[in-house]
Amino acid sequence: MSQIPNKKGRKCDNESCPNVHGKRGEPEPGQKKVKRTRLQECLGCFDSMYCSEGCQKAAWPGHKELCKEVQRKRKEEEEKEKARKKMDEEEKMAAALASFVPLSITPQGGGGVRKKSKKGGAKKTKGKK
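According to my numbering, the sequence shown is numbered sequentially starting from 322.
Only true hints are included.
Restraint-style ranges between C-beta atoms, simulated for each label pair: (1) Leu418 / Gln361: 48 to 54 angstroms; (2) Lys353 / Lys385: 36 to 42 angstroms; (3) Lys413 / Leu364: 33 to 39 angstroms; (4) Lys385 / Ser420: 50 to 56 angstroms.
Derived DSS-like pairs (lysine-lysine); straight-line CA-CA distance at most 30 angstroms: (5) Lys378 / Lys396; (6) Lys413 / Lys394; (7) Lys332 / Lys354; (8) Lys389 / Lys403; (9) Lys378 / Lys344; (10) Lys389 / Lys332; (11) Lys332 / Lys353; (12) Lys401 / Lys389; (13) Lys407 / Lys394; (14) Lys385 / Lys401; (15) Lys413 / Lys396; (16) Lys385 / Lys332; (17) Lys406 / Lys396; (18) Lys356 / Lys332; (19) Lys378 / Lys389; (20) Lys356 / Lys378; (21) Lys385 / Lys396; (22) Lys413 / Lys401; (23) Lys385 / Lys344; (24) Lys389 / Lys406; (25) Lys344 / Lys356; (26) Lys394 / Lys378.
By construction, these hints were calculated from the structure, which means they are not laboratory data. Since we're looking at a predicted model, the values are computed, not measured. C-beta: ideal position from N, C-alpha, C; glycine also.
Construct all of the structure, not just a fragment, from the sequences and the given hints.
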């Protein structure tokens, strides 16, 4: 499942294909030069590399089982990680709820400081001095 950062010199995974990443093929008569071969990873498993869609299709019967197995394992790992994250979130919520103090236990009234209002009456404010 690890992606290869430097593909240079890697051969196409289709056994009947001679293409190598970064190498130029032989030019046909009348051509000056041929483009370099660029390998692309299989988007299912990221393990195999092919020079063209045709090579990938030709290699598919032999690659299919490996590719499906890698995809299945990756899906299982993602589901396990998702379950772990959900469990962590549930534990955090349980801890938050356990530390919560209901209003029925807290003292009622009294907690503010009284100031005189402009009209001369007393006005209650919370926490302001």
